[in-house]
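Enquirer: Each chain is listed here by its residues.
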Amino acid sequence: MATTDLISTTVVSGSSTNIVSLTSIPQGYTDLLLLAICKSTDTSNTYDDLDNEAILYDTGGAVMPIGGAWMGQIAASGGIVETSQFASGYNRIAMKTSNESSGGIGVQVITMRFLDYSSTTVAKNVHTWEGKTSSTNTSGTMSKMHTGCFNGASSNLALGRIDFVLGSSKYFKADSTFSLYGINS
Amino acid sequence: MGAVEVVSQGTVTSATNTIDFASIPQTYKHLSLTLSGKSTYNDSSYGHQDLIIGYMNEGPSGSSGQYARGEVYGDSFSGSTNYIIKNTFTEDRMWTLAQIPASKPGYYAGANATVEIWIPGYSNTTFTKTLISRCIIPSNYDFSNGGTVGAWQVMSVYGRNVTAALTRLVIQTFAGNMQSGFQYQMLGYK
Chain F
1229 MATTDLISTT VVSGSSTNIV SLTSIPQGYT DLLLLAICKS TDTSNTYDDL
1279 DNEAILYDTG GAVMPIGGAW MGQIAASGGI VETSQFASGY NRIAMKTSNE
1329 SSGGIGVQVI TMRFLDYSST TVAKNVHTWE GKTSSTNTSG TMSKMHTGCF
1379 NGASSNLALG RIDFVLGSSK YFKADSTFSL YGINS
Chain W
2 MGAVEVVSQG TVTSATNTID FASIPQTYKH LSLTLSGKST YNDSSYGHQD
52 LIIGYMNEGP SGSSGQYARG EVYGDSFSGS TNYIIKNTFT EDRMWTLAQI
102 PASKPGYYAG ANATVEIWIP GYSNTTFTKT LISRCIIPSN YDFSNGGTVG
152 AWQVMSVYGR NVTAALTRLV IQTFAGNMQS GFQYQMLGYK
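Heads up: the protein sequence lines correspond to chains F and W, in order.
For the first sequence, the working numbering begins at 1229 and goes up steadily by one.
For the second sequence, the working numbering begins at 2 and goes up steadily by one.
In short, the hints are calculated from the structure, not lab data.
Just so you know, not all the hints are guaranteed correct.
Said to hold, decoys possible - If we take Cβ atoms under 8 Å as the criterion, some of the chain W residues that face chain F in the derived model are:
no.: 1; residue: ALA4
no.: 2; residue: LYS30
no.: 3; residue: HIS31
no.: 4; residue: ARG70
no.: 5; residue: GLY71
no.: 6; residue: TYR84
no.: 7; residue: ILE86
no.: 8; residue: PRO121
no.: 9; residue: ASN125
no.: 10; residue: THR131
no.: 11; residue: VAL158
no.: 12; residue: TYR190
no.: 13; residue: LYS191
Unchecked claim - Not the full set, but computed from the structure, chain F residues with beta-carbon under 7 Å of chain W:
no.: 14; residue: THR1232
no.: 15; residue: ILE1265
no.: 16; residue: SER1362
no.: 17; residue: ASP1403
Unchecked claim - Far from chain F, by Cβ distances over 12 Å, these chain W residues were calculated:
no.: 18; residue: ALA16
no.: 19; residue: PHE22
no.: 20; residue: THR41
no.: 21; residue: THR115
no.: 22; residue: ARG169
no.: 23; residue: PHE175
Note that beta-carbon positions come from the ideal geometry of N, C-alpha and C, so glycine has one too.
Here chain F stands alone, though its shape is the one from the complex:
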């Protein structure tokens, strides 16, 4: 029977957190599960679709290249987009978070599964499923899934760290919460 352990929970306090880092990820599990609820304090982005990018680091500290594809309803354009991103140098999972413009009552929720994340012999897989609500008239509510594979920068190193990064001078709202679980199957 599969068992699930809580590895860490990060709750943002104050108003100056630009990056949430989940570091020193233990290597003893089969898969990882990330659950999060978050938004930004930013009030300048009227489209309410502020970048919130996940960047993966291998156990050697290098950014891990990511390839993959996503589909969903795009916040700003209100359409469905399917694309693939295996371009050289692509190294982040592009997500969007809510902010506090136009009343700012929306919020982003995230689930991420990192499959075989600790393998040192093969590339790893990630499945991201996010949703975001918005109170703006023009855009913002969004539902999106992303699947991809990632690997060590120069070899088959395991996943050692996950960062959630907002844009320059953008900050997570206090109480934004990121929980990381280890799953043994």
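Based on the hints, put chain W in the right spot on chain F.
Expert: Okay, now just chain W, sitting in the frame of chain F:
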């Protein structure tokens, strides 16, 4: 299961249109809910599907202008995808948490919908409540005998404009009843 515990689980033993998770404990950070089953609904004119709709922190009468909505969906008949979006909090309920197959004789034998729902931060009191849901119907519908919809996939996001912790979640069929054998399981993540 370590950091994960069963909050509620069960199997519908007689047809019902509502499951009310009325007293959700606040001892977890996140919730998940899985559903599996089909509807008694039998509509010969369109689709042969039923909706699972929902309400957060209130009963099934809903609240006008409280819910935001975003859906992406596709079906095997048209081969296309589409979307519905309500960027502002203008809906009175969560309209399509899932599509589940109806019970038109000869068409959906053994085809259950599988539904996965997540509510990260359900006990948080700073943010409005947001839920993501998706479902798959592995339909065996025979298009040659009429109807418009075969296999479905729906992915949706809903939020309600309340910051209070989620203590109640109501799910409901829109047109028919959940058939006997309809299963549900809510898990709490510490």
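Enquirer: Determine for every hint whether it applies to the structure shown.
Expert: Checked hints:
no.: 1; hint: ALA4; in the structure: holds, 4 Å
no.: 2; hint: LYS30; in the structure: holds, 6 Å
no.: 3; hint: HIS31; in the structure: holds, 5 Å
no.: 4; hint: ARG70; in the structure: holds, 7 Å
no.: 5; hint: GLY71; in the structure: holds, 4 Å
no.: 6; hint: TYR84; in the structure: holds, 5 Å
no.: 7; hint: ILE86; in the structure: holds, 6 Å
no.: 8; hint: PRO121; in the structure: holds, 4 Å
no.: 9; hint: ASN125; in the structure: holds, 6 Å
no.: 10; hint: THR131; in the structure: holds, 5 Å
no.: 11; hint: VAL158; in the structure: holds, 3 Å
no.: 12; hint: TYR190; in the structure: holds, 6 Å
no.: 13; hint: LYS191; in the structure: holds, 6 Å
no.: 14; hint: THR1232; in the structure: holds, 5 Å
no.: 15; hint: ILE1265; in the structure: holds, 3 Å
no.: 16; hint: SER1362; in the structure: holds, 5 Å
no.: 17; hint: ASP1403; in the structure: holds, 4 Å
no.: 18; hint: ALA16; in the structure: holds, 31 Å
no.: 19; hint: PHE22; in the structure: holds, 18 Å
no.: 20; hint: THR41; in the structure: holds, 29 Å
no.: 21; hint: THR115; in the structure: holds, 15 Å
no.: 22; hint: ARG169; in the structure: holds, 19 Å
no.: 23; hint: PHE175; in the structure: holds, 20 Å
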